[in-house]
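Engineer: These are the residues of each chain, in order.
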Amino acid sequence: DAKTTQPNSMESNEEEPVHLPCNHSTISGTDYIHWYRQLPSQGPEYVIHGLTSNVNNRMASLAIAEDRKSSTLILHRATLRDAAVYYCIPVRGGGGADGLTFGKGTHLIIQP
Amino acid sequence: DAGITQSPRHKVTETGTPVTLRCHQTENHRYMYWYRQDPGHGLRLIHYSYGVKDTDKGEVSDGYSVSRSKTEDFLLTLESATSSQTSVYFCAISEVRLDYYEQYFGPGTRLTVT
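These protein sequence lines map, in sequence, to chains Z and P. Numbers given in my numbering equal positions in the first sequence, counted from 1, plus 19. Numbers given in my numbering equal positions in the second sequence, counted from 1, plus 1.
Think of the hints as simulated: they come from the structure by calculation, not from any bench. We put the beta carbon where it would ideally sit given N, CA and C, even for glycine. Treat the hints with care, as some may be off.
[Said to hold, decoys possible] Taking lysine-lysine pairs in the DSS-like style, the calculated list, with each CA pair at most 30 angstroms apart, reads:
| no. | chain 1 | residue 1 | chain 2 | residue 2 |
| --- | --- | --- | --- | --- |
| 1 | Z | Lys88 | Z | Lys123 |
| 2 | P | Lys58 | P | Lys71 |
| 3 | P | Lys71 | P | Lys12 |
| 4 | Z | Lys123 | P | Lys58 |
| 5 | P | Lys12 | P | Lys58 |
| 6 | Z | Lys22 | Z | Lys88 |
| 7 | Z | Lys22 | Z | Lys123 |
| 8 | P | Lys58 | Z | Lys22 |
| 9 | Z | Lys123 | P | Lys12 |
[What the hints assert, rightly or not] Taking beta-carbon pairs under 10 angstroms as the criterion, some of the chain Z residues facing chain P (in silico):
| no. | residue |
| --- | --- |
| 10 | Pro63 |
| 11 | Glu64 |
| 12 | Tyr65 |
| 13 | His68 |
| 14 | Tyr106 |
| 15 | Thr120 |
| 16 | Lys123 |
| 17 | Gly124 |
Starting from the given sequences, assemble the full structure and let the hints guide the process.
Structural biologist: So this is what it looks like as C-alpha cells:
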C-alpha cells in the first residue's frame with residue numbers, strides 16, 4: 020500500500036484559503052487520491068478525489084502534482100465548520116471496494 | 002448520510018462479556034465495513050463484507066467476528082470483550098461509481114470495556 024505523509028496540524032483564519040498538503044511518493048499509477056475529513060465526534064466524510072487532473076467540487080479543490088507524488092487539498096474560504104481532521108488516502112482504482120487505509124491525518128484548526 | 006445507523010451508540014460492558022454491535026443500512030449497498038478508532042489514530046479496518054454471507058478480515062480482526070445474513074445488517078461481535086477493545090467503532094458502506102467508490106460512515110458506537 021502507498022504511504023502518505025501529512026502535517027500533524029495546521030492553523031488558519033476564518034474566510035482565508037487553506038492548502039493542506041499530502042505526500043504520496045509511492046503511489047501506484049492506478050491509485051486514485053481520495054480525501055476524507057472527520058468533524059469532531061462524527062464519522063469521516065468523503066471530500067474529493069482525483070487521479071491526474073486537478074478537480075473541483077462544491078466542498079474543495081484538489082491539485083495533483085504532475086508526477087503524482089503529492090497533492091494539495093484546497094479549501095477556498097475556510098469556515099469554522101471546516102475544523103476537522105483531513106485524511107489523504109490512496110485508493111486502488113479499477114473497481115472493487117476495498118477498505119480504506121487511514122493515516123493520522125492533518126488536524127485543521129480554524130481561528131475566528 | 003446514506004441511511005446508516007448504528008446501535009447501540011454507547012455501551013459500557015465488563016471484561017469477558019460478549020458484545021454485539023449492529024450496523025443497519027437502508028439503501029441496499031453491497032459493501033459494508035467495520036472500523037475502529039482509538040485516540041490519536043486514524044480508523045483501522047476490522048472486517049468487511051462484499052455481500053450476504055461474504056465477509057473477510059481486515060487489518061485488526063483478532064478478537065472480532067462478523068455476520069451478514071441480510072443485505073441491510075452487518076453485525077460485529079466481540080466474543081469476550083477485553084479492555085483493549087475499548088474504542089469507537091464505525092460502520093461504513095461503499096457507494097460504487099464507474100471507476101471509483103466513496104465510503105459513507107455511520108455515527109459511531111462508543112464502547113467502553115471495564
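Engineer: Checked against the structure, which of the hints given earlier come out wrong?
Structural biologist: No hint contradicted; all consistent.
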